[in-house]
Structures are given as structure tokens and as C-alpha cells.
Amino acid sequence: MPDTSERDDDLGAGRIAERLAGRHLLLTGVTGFVGEALLELLLSETPATTLTLLVRPRGSTSGADRVRALLGKPIFARAVDDAGGIDAVLAARVRVLEGDLGAVPALPAGLDAVVHCAGDVSFDPPVDEGFRTNVLGTRGLLERITEVGPHVHYVHVSTAYVAGRRRGAIPEGPVEHTVDVDAETEWGMAQRRVVEHASRSADVLTKLRSKAERQHGRAGLLTAAAAAEADRRAWVDRELVRVGTERARSLGWTDCYTFTKALGERVVEERARTAPTTIVRPSIIESALRRPHPGWIEGFKMAEPLILAYGRGELPEFPAAGDTIVDIVPVDHVVAAIAAVLASPPQAGAAAYFHVVSGARNPLTFRQLYGAVRAYFDEHPFTHGDRGAARLPEWRFPGAQSVERLLATSERAHKLADYVVGHAPRGDRTRAIARNLDRQGRRLEFLRRYLDLYREYAEAELRFDDAHTRGLLAALHPDDGAAFGFDIDEVDWDHYLREVHCPAVTAPIRALDDVRRSRPPSATPVLRPVRTREEPTAAFFDMDGTLLSSNVIETYLWMRLHDLSPAERVGELGRIAARLPGLVRAERRERSAFLRSIYREYTGARLSDLDTVVDEVLTDLVLSRLAPGAVRRIREHRAAGHTTVLITGAIRPLTRPIAPLFDHIEAADLAADARGICTGFLASSPLVGESRAAWMRHWAAEEGFDLARSYGYADSHSDLPLLSAVGQPVAVSPDVFLARHARRQHWTIVDWASPDTAPRGIPR
Amino acid sequence: MSRPGFVLEVDDRTPPLVVHEGLGFRLEDFPPGTRVIYPPESLPAIDDVDAAIREALLNPVDADPLPTKLFAGMRLTIAFDDISLPLPPMRAPDIRQRIIEAVLTMAADAGVDDVKIIAANALHRRMTPAELKQIVGERVFRSFHPQGDLYNHDAEDRDDLLHIGMTDKGEDVEINRRAAESDLLVYVNVNLVAMDGGHKSVPIGLASYKSLRQHHNPATMVASHSFMDHTKSHLHHSAWRMGRLLKDHLDIFQIETTLNNDVFGAPYDFLLKREWEWSVRDQASMLAVRRGLGAAPRRLRHKLFHDLRSPYGLTGINAGDTEAVHERTIAMVHRQQLTEVQGQTDVLVMGVPYLGPYNVNSSMNPILATCMGLGYYFNSYRGQPVVRRGGAVILYHPLDEGFNQLHHPSYVDFYEEILAESTDPAVIAEKYEQQFATDPWYVHLYRTSHAYHGVHPFYMWYWAAHAMDHVEEVIWVGADRRVAQRLGFRAASTLSDALEMASGAVGTSPTISYLHNPPHLIADVR
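So the sequences go chain by chain: E and R.
Read in order, the letters of the first sequence correspond to residues 1 to 764 in our numbering.
Read in order, the letters of the second sequence correspond to residues 1001 to 1526 in our numbering.
Mixed in with the good hints there might be a few duds.
[Unchecked claim] Derived contacts from chain R toward chain E, CB cut-off under 8 Å, selection only: (1) Glu1181; (2) Leu1184; (3) Tyr1209; (4) Phe1403; (5) Asn1404; (6) Gln1405; (7) Leu1406; (8) Ala1420; (9) Glu1421; (10) Thr1438; (11) His1444; (12) Ser1449.
[Unchecked claim] One side of the interface only, derived from the structure: several residues of chain R facing chain E at Cβ under 8 Å: (13) Asp1149; (14) Met1166; (15) Asp1413; (16) Trp1441; (17) Ala1492; (18) Ser1496.
Worth flagging that the hints you see were computed from the coordinates, not collected in a lab.
This structure is a prediction, so every number in the text was calculated from the model and none was measured.
Beta carbons: idealized from backbone N, C-alpha and C, even for Gly.
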């Protein structure tokens, strides 16, 4: 129980509500976690206070509408009902000031105090955004406050971690540093231009382009170019984060967030010389202990992703020492402290600092946190899926080094496995492995991101002094204890984590899991029956790999081997086998070059002979390899009145057996001389990759088909343009790359297997 | 002298018995009291086959000797049973080769030069040149095939079909035009089972779909009790009416042959013997074969089995008037295959082997396996079915061979699309038969590739209609459960499980009969 005499000295007599009665406060960031909690507290507990909310319009939603939506949330229900509805609240005591921190509008006259809760909550913002919100935004707001007058009490919500990489006891005072705020800000704001510029340099582009071409060359150069450009944008984003983090660390901060927050405080401190100013520094803000209700939390804060990942069994270890203190504070404590600060403005001259933290008096170690979270999940495991409760990893806190090693090894292994799977023969198994790998890759990416982000915090041996905050607490009127209490000693961490916080953060996931459970398990859409349409509709089919299990090398061998003696067959097979590695490389690089090189082998063959060989020998082979599902689908299209089109890089004679299924066949034509002897060249460029899409567009326009209504069926990465060109793409027994792409795009994936009774050899 | 067929009653001294199941066989312990029906042992073969052929051609039954029918300038057509007979295929030389050669010799002597040789494959797949050669022999093949004088009947070639007329029951009779317009049609048959031959040869083997659908339909099939007994088969009644109509328009010289039961040569000949009589050598062969099959991948097992050629012996050959000839043929078939059985039982057990008429050089897909078990084997009776009405049939086959896309393309679609919707033959026939029969893609494949006609899977299903109608429960032992379910049946892992499952229909201590087949067998149920 605080001592009354102290209260009399500091806060004077009276409760916070009374002291704030008749005051006019401006809040920023009310759509954020802390701002929302603060608004709720003030609306409910300080009925005679007028509030102006600075809210940025978002999209077509005005600031006022955003506030209406905000007040419609359940936590405001009591305050709103008491006042007689949202309109009544808005009419009586809440004004909305629409504006952005980038260009702060003029503030209403008669303001008594401003609480600035807005800020970038991300730890790794692009460097320019960090400066824009945390330094320039604060400066712009302060300029507008100065216009109103020097009496306005400015409350700046910062973070305890502005201490950066300092160690040991951190006093409630200015962060000591000599960084030139203006110079850094100018540098930071210039970085986007600089990095954008650098991203267009030949060095960077060459690297991005050659990577994209390696990956997407088979699909075509335009596809590769699009990928390279997307990669460049991603590179810019990464680079902006990286330069910010590097600069921050070179000056002794953990990351761009704490760095710019610290510089923001300098801006605030300048103002403090002439006007009453308070800086509130909470540590890690988590769900509410009591207000508006236990466990209330908006969005995911710092620890939640880790807690959830642990509960799913996906966080094998953590790079902290078990006895390191993790400084968590419930959000209701933070906003109650801000309310208390508002009720007792300091004198102008120097800023007042308040650490709203737990480490000083009621420390929570990582080991305790781990124990409580584990105990929670032991009692209430995630049971999504059909495998029962997830296995919870045992943390031994082996230290950051070995966690890093573990992660790095896993990443290398994943990369290797990914390479292998990308080069493995396709099939159901390969696709299943690839799917698994992708899941693991996402987990690894998650781990990498969070461990990198939090390692600094996890290793931070910081002890924040909170004498000022204790003083503030001690000065509370005894009757304010219930509504405005923020005594960190009262938090029983075990109870808070197991009964309040964890249930709150896992609730939305459990709800989502329930929804997922009630849906059918299939993630990829199944092949739906084709629709009969009035409008002309086309269905485009790739041949090799889609309709039948074969490839151009194999079909060449069929053609070639049928009339050779056994000895000659061996010789021919050996010759082709020796060429195989080169052919496979060519195939991965560029399909048209590969096709050309295979078709050179037809030099000297008589075109009419090829037709005869196909009719007499290969028809059976082709038909017996035809996937029944594929044939059914083609016939289904025909029955629906669609036009069926075969697009293939195979030579035309090979399409003869299935020609009756198609209305149009676009195949490779071997060039022949006057005597009908193949020259080994093609009559025109082979239709592969993007040229397929180009041909389809041209053909569709000429024949009056709408590609958006049309269907496409293909099996490999190089067919991406074909599939992307139509409105109804279907990936057929896709290779790993196409399978990944199809899953991302929610394309239908089907498996049309050739029957395993099909002969493998050359019929005799 | 070979021993007649007999019925064994299983007791505690009975060894495990051979049960065929697809590409393999198992040794099954049957419950005591089970009746095991064995066919008669193989009849002695005719030693001088060529002399017997000559004798038959020169002294035909109710007809003039063949040479008197041959004259220069005539149109002679020789039709023969296709690859679906005999099963397994016969070791070279095939009996059809010998007969065709003899007929051709007589024709040459008479100065006949317009000769066509046509495989009577009806809606079956076209045979490959190699398969034709295997039946007619190298010499005939070389002389006729390159010129296009040896070919498969095409039931979809409108130009080569002739509508002969209607029977008194209004059935269309339409057959191969060349055969119909010949001065003489010689038909060379292999009468493997009682269903074959007689008027089933020409009116069915050379018919078009229009003519076939008159009797190949569920109503006829359900009423054929059984189609292994032409006197009681509605299917055969229809064929007989057609044959009699044809006889008025066309001179048919029917040559029918019967074979003995030597279906397995060494080292598989133990499969023909009664298990308790196996010698040490038989036991050793059996073990070696089982081990070998157990270790072999399916592709290899398939090859091992499908490469088997049977050392059949000829037991009879008759030529002349179709009906008179067929009477003698049937008598011989019965001598070889008929085993007398006293009364029906609750449960009928049958092993479906690797081969049926429609998967020579191909795979025994689930529909063919059904047809083999419920169509052919179930109907291998005379008098009444071995199993009582409302009883249960237990079949052995893994149903895991999949479909041959080259030979059975319409089967795949029948399985995937139609059986998924209904397994009732009448419903299927009503709703889908026309669509499959006239589908241009199936027709294209039938005519140009080696595919069975689009309607063929329907016929397979109709063959089984009588059995499906007759019994309450069909259970497949050792079968793929999903496949059995798609077919409308159930699967069990063992015989005891199957009996347990059947107990709802037949009680917990049913009477059981096991049809020990192959070799071919007809149960004469009294």
C-alpha cells in the first residue's frame, strides 16, 4: 500500500480521474496495441477528459471511420454503452483529427497534453522508414505541439531497449551517446535512393539475372526476367534493412528500431528544455493482466510467434542463457503508468523518464518462461492435424553459438536436399519430398528470422532501473489502485503465462485449426468437370509427360532402334548414353536448344519412313503409354464442345496415333529436302516455353477463343507460360518447380499416370 | 485310360490344395467337408492329327466332302477362331494352322485362287501380325498376309458388312460381307469349352455390333442357364436362330476340334495332378515355382505365365453341317470336362487364374477377372449352378494387375466412370452401352490399333449378370480392397475371413464346393 504522504507531495490530493477532469488530451497511435489500451482506459476511467485522436486514413477508410470501427470492438463496449452509443461518445468527448505523422495537421487549440504512442513496431524496418516514423514523425508532431503552446505536456512512448547494446543497470535518464541526429537522419532518408540505385547496377543485376535464368531459363527469358525483377525488389528491401542494422550496430544499438527510437528521444529531449516532457520506456509489452480483460492482446507482439512455434514443436532450441532475464510487462501496466504520468506533468527543463519494466523487481528468466510455456502446452497441447499433440522440444539453453551452429547446419542440409529434389526424377514421391522440404524450409526461414532478430534481446544482460516508476506508483491515490495500478510485484509470472498470456495468444490459432479441421483435407483443388459453354473454349494439352510418359530422347530411340540388329542397338544406345549428360544439361538450360540437338539425330531419315515407322511400330507404344485419365479429360472437353489443341515439341509423325483426339496439333516439323530426306533441322522454331504462350495468344485471337476461359494441361517448369496463359491451368504430374508454383497459385494438380503395365521396350 | 472326374470330400488327411490366383497360386487348407470338384484326367490324344483332319474333310457329317465343294473361279473364305482360344495358347503348330493348310491344299488342287483368310474376332481386338502368324503358321502367313488376304474381321467397316436379314424373333443378322458373299465359308474352330462352336462361330465371330447386341445384353445373359449349355442358353438360342437363317443364304463348312486337358507342360504339370498324388519331383517343382514366383517382380511373373504354351492333344475333329458337327463336338467336350456333382452347396469357391479369353498377351484387369470368375467359371455347370440361389461365391485373385491401355482403353473408363456410379448390369446397359459402343475414339482404336471394342467391357459385365443375380454375396480373397469395392464386391484376406463375412448369407457352417479349375471343368449338378 503506497504511503499517503508521498502521494500528497507528488500528485497532490485527488484521483487521476479528477486530476485529468476538464483536460484535453491528444493521442496518436490509438489503432495500435498500446494506443488502443490507453484509449480504453481513458474512456472508461476518466469520464471528464476530452480526447482528440490523430488517426491516419487508410485506403478509402477515413480516420473517423477507423475510429468508429475501433470503438465498435468489444473492449469498448462498456464505455460506449455507458455513454449511449458510439455517436454519443464521439459527440461528447472524442474528436478525430485526420492526419499522418508524415505531415502532421495543425493541432486543436486548448490541448493540455499529447501522448505519442504511434511508431513502427517492427524491429527490422527498412532504414528510411525507421527514421521517418521514429525521428521525423516525432519532430513533425513536436513542431505542431509547439504551435499550440509551451504548456502542453508531451508524453513520448519509447522503449527500454533504446539502451541498445549497453549492459548492466540502465538508469531512467537520457541515453548517453554523441550521435549527430541530423546527419544520421539525412543519411537514413537517403538510403532508399542509394539502394534503389545500387540495385540497378550491372553487378547486382548480372547476379540476379543469371540466377533467374538458371532457374527459369527453361520457361523462357521473359519469365526469367520477371523473376529477376521481383528478386531485385526483394533485394532492395533486404538491403535497406541490412544497412540500417549495420549502421545501428556500428553505433552500439541492436537494430534500426532501437537506434532510431534513441535518436527520436534526442529530438524529444530538445523540447524538454522549454516545455513539460515525459518519456515512458516500456520493455516488452505483452497481453493484459487484468484490463480490459485478462489476456487481451491485439495482433502478435514479440514473444507470440515463438510461443506458437514452440507449441507446434517447431522451435528446437533458443539462443539465450537460461538465467538471462526476459523483461516482459503487461500492456495494462504500461497504459496505467502513462495515465499516472499524464496526471502529474513534470516541470520544463529536463525530460522525466519512466521505465515500465519487470526485470528490476520481479525478474522473469528465460528458464522460467520456458518452464511455464512448456507446462501450458503440456496441459493444453495443439492438436491440429491427425497426429495428436505435437512433441514439445526440450530446451537445454546450450548458448547462442551452438544454436547458431544447429541452425546453420540445418540450413545447409536443406539447401542440399532442395538441390537434390530439384534434380531428382519427378514423381509422386519427389513431389511429396519437395512438399516436406518446403515446409521445413519455411520453418527454417522462420527460425532464422526470429533468432536473428531476438538474439540481441535474448543475450541482453540489461537491468532497467525503475525508481521513478515506483515513485509514481507510490503516489497513486489508494482508490486508484484498481483502475490505474501498475505494480509489477503483483504479477505471478507462472500464473500470468499459463493462465493469461498463453491461452490468449493460442486462442486464435486454435479457432483457425478448428475451422481447418472442419474443411476437407485436400489443399490443392481437385479437377472439376469441364463446363459446357456457349462461347468457344479451347483446351491446350502438352504431350510428353502430360499425356504419356515419354520424352523426346526415348521417342527418338523408338524410331531409331526398331529396325536395327541387336548389336547395332547396343551401339546406338551407347552413343546416346554418352551424349546424355550433355543433353540433360542442355535440357535444364534451354529446351529449344536441347530439342534442336536431338532432332539433328534425324538427319538422313526419310519423312515418309518416319510416318510408316510410327504407324507400324510406335502407335502401339504411344497408345499403351497414354494416361487413361488424360484421354478421358480430352474426351470430356470434346463432349463439352471445346476445341482440343495439342502443343508439343515432339516431331509431327509422333502425334499421329493420338491425332483423332485433337482438333488442332501444333508440333515440330522436320525440314526435308526435295527428296523428302530430313536435313536434321526443323522447318520452324520448336514451340517451347514462352513461344507456346505467344503461339496460343496468336492462335486464340485468330480463331476467336478467349484464353481466360480456356484450359491448359502441362507437366513441367518449361510449360509455365502455357499454363499462365490460360484461365484454367492444370498441372499434370508436375515436376518439383511446377508443383511448387501450382500450389502457390492454387492451381489444380492432377496425377495422370501411364499404366504400369505399359511395355518399356521396343516392340518386336 | 484317363480317370473320370470326381468329387473329393476334404477330411483331415487332405493336403492343402492348389488354388489359382492371378499370376500365381496358393495352397489352401479347406474346411473339412468341403467338396472339391476335379475334372476328368486328360483324355488320350489322337496320334496322327493330319490323317484325322483329312478324314474329317473327306467324310464330313451331313455334308458333301470338302473337295466336291471346291471349284476354280469360286470365292472361298476361311474364318477361324481368334487368339481368345485356346487358353493358354497352343504349342506350335496350332491345330488351326494344320487344318487351314489342309483346306488350302485341297483348294489349290481344285484350282481355287480367290481365297481370303479372316480371323473371326468379332469385337475382340485386332491380332498383331505376330499373333496371326502364331495361329496360321509361317507358311500361310507368308503367302497371305503381305497381300492382305489374311486379316482381322472389322465389325465397324460398313463397307465390309452385309445385312442378311432378320430372324423370326426380329433379330438383325449382319456379318462380314466377304464371308457372306463367298461361295463357301469354311470355319475352323477350337472348341475349348462347351460354350464355343456351333452357331456361335459364324453368326457371332463374324458379326457386327448391330447383330451382336441382339443377344449380348443383360436380359439374355441372366436367362442363360448356363451359357456353357447351349440347349439352355438364351444367348445360344439366339445364335442358333441366326445360324439357321444364315444357312439359307450361305454354304458354311464347319470344322470343329476338341482338345484334351493338357494345359500345363513340364515343369508346371504338377498343377494337373491331384495334390495327394504329387511325387517328390512334383513337390520339388511346386516349391521351386512358388519360391521363384514369390521372388519375381510382377513384370517377370507376367512374362513367365504369358509365355506358357500348352501341349494340348487333339481329342476329336469333325467337319460338315454345323449342328451335326457340334453335337459330336459337345459330346467330346463333356467327356473331357464333365464331372457329376450331387446337389448344390451354400458356398462356391473358385480360383481365377492369370489368363482369360481377353487378356492373352495382356493383363487380367479387374473387369476381366470378374468375368472370368462370375462369368465363365460360375457358369461352368450343367443342370443347375453349383451354388444355391442366395448363396455366396468366394473368388481368389489379387485384382491388382491394372489395365492395359493399348488393349483395354474402354475398360479403364468403364471402371473409372461407370462402375463408380452403378454395378447393376441392367442399369449400366440402359444408360451407357450406346455411348460406349458408338464412341468414335473407341471405334478408331478398335479399327486401327489393338483395342477391344468400346462396348466390350459391357459384355464382360453381362457375362457375370447371371451369377450376380443368383448369389447373395461375392467375396474376393487376397484382393485389393478398393478395387473389389469398386466392382461392388468385398475383399477378405483369408478364406476363413471370407467365410466369416459370408455367414450373413449362408450361416456359420455352410456347405462349400471348390471348383478345381483349371484345367477346364463342367460341374454336372444333379
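Quick rundown of the hints versus the structure:
Interface restraint check: glutamate 1181 of chain R against chain E, minimum CB-CB distance 30 Å, threshold 8 Å, status violated. About 33 Å separates the beta-carbon of leucine 1184 of chain R from the nearest beta-carbon of chain E, more than 8 Å, and the hint is not met. The criterion of a C-beta within 8 Å of any C-beta in chain E is not met by tyrosine 1209 of chain R, whose closest approach is roughly 19 Å, and the hint is violated. Contact between phenylalanine 1403 of chain R and chain E, as hinted, is supported at the beta carbon level, the nearest pair being about 6 Å apart and thus within 8 Å.
For asparagine 1404 of chain R, the interface hint holds, the least distance from its beta-carbon to any beta-carbon of chain E being 5 Å, beneath 8 Å. Restraint check, glutamine 1405 of chain R versus chain E: the minimum CB separation of about 5 Å is within 8 Å; hint holds. Look at leucine 1406 of chain R: its Cβ gets to within about 3 Å of chain E, closer than 8 Å, so that hint holds up. Contact between alanine 1420 of chain R and chain E, as hinted, is not supported at the beta carbon level, the nearest pair being about 12 Å apart and thus beyond 8 Å.
The interface hint given for glutamate 1421 of chain R is broken, as the beta carbon of that residue sits about 13 Å from the closest beta carbon of chain E, more than 8 Å. Taking 8 Å as the C-beta contact cut-off toward chain E, the hint placing threonine 1438 of chain R at the interface is violated, the least distance being around 13 Å. Hint on histidine 1444 of chain R holds. Least Cβ distance to chain E is approximately 5 Å, under the 8 Å limit. Restraint check, serine 1449 of chain R versus chain E: the minimum CB separation of about 5 Å is within 8 Å; hint holds.
This hint is violated: aspartate 1149 of chain R has a C-beta 19 Å from the nearest C-beta of chain E, more than the 8 Å allowed. Violation of the interface hint for methionine 1166 of chain R is found here, the shortest Cβ-Cβ separation to chain E being roughly 34 Å, above the 8 Å cut-off. About 6 Å separates the beta-carbon of aspartate 1413 of chain R from the nearest beta-carbon of chain E, less than 8 Å, and the hint is met. Restraint check, tryptophan 1441 of chain R versus chain E: the minimum CB separation of about 6 Å is within 8 Å; hint holds.
For alanine 1492 of chain R, the suggested interface contact is broken, since its CB lies about 25 Å from the closest CB of chain E, more than 8 Å. Taken as an interface hint, serine 1496 of chain R does not check out: its beta carbon lies about 32 Å from the nearest beta carbon of chain E, beyond 8 Å.
Hints 1, 2, 3, 8, 9, 10, 13, 14, 17, 18, counting from the list given before, are not met by this structure.
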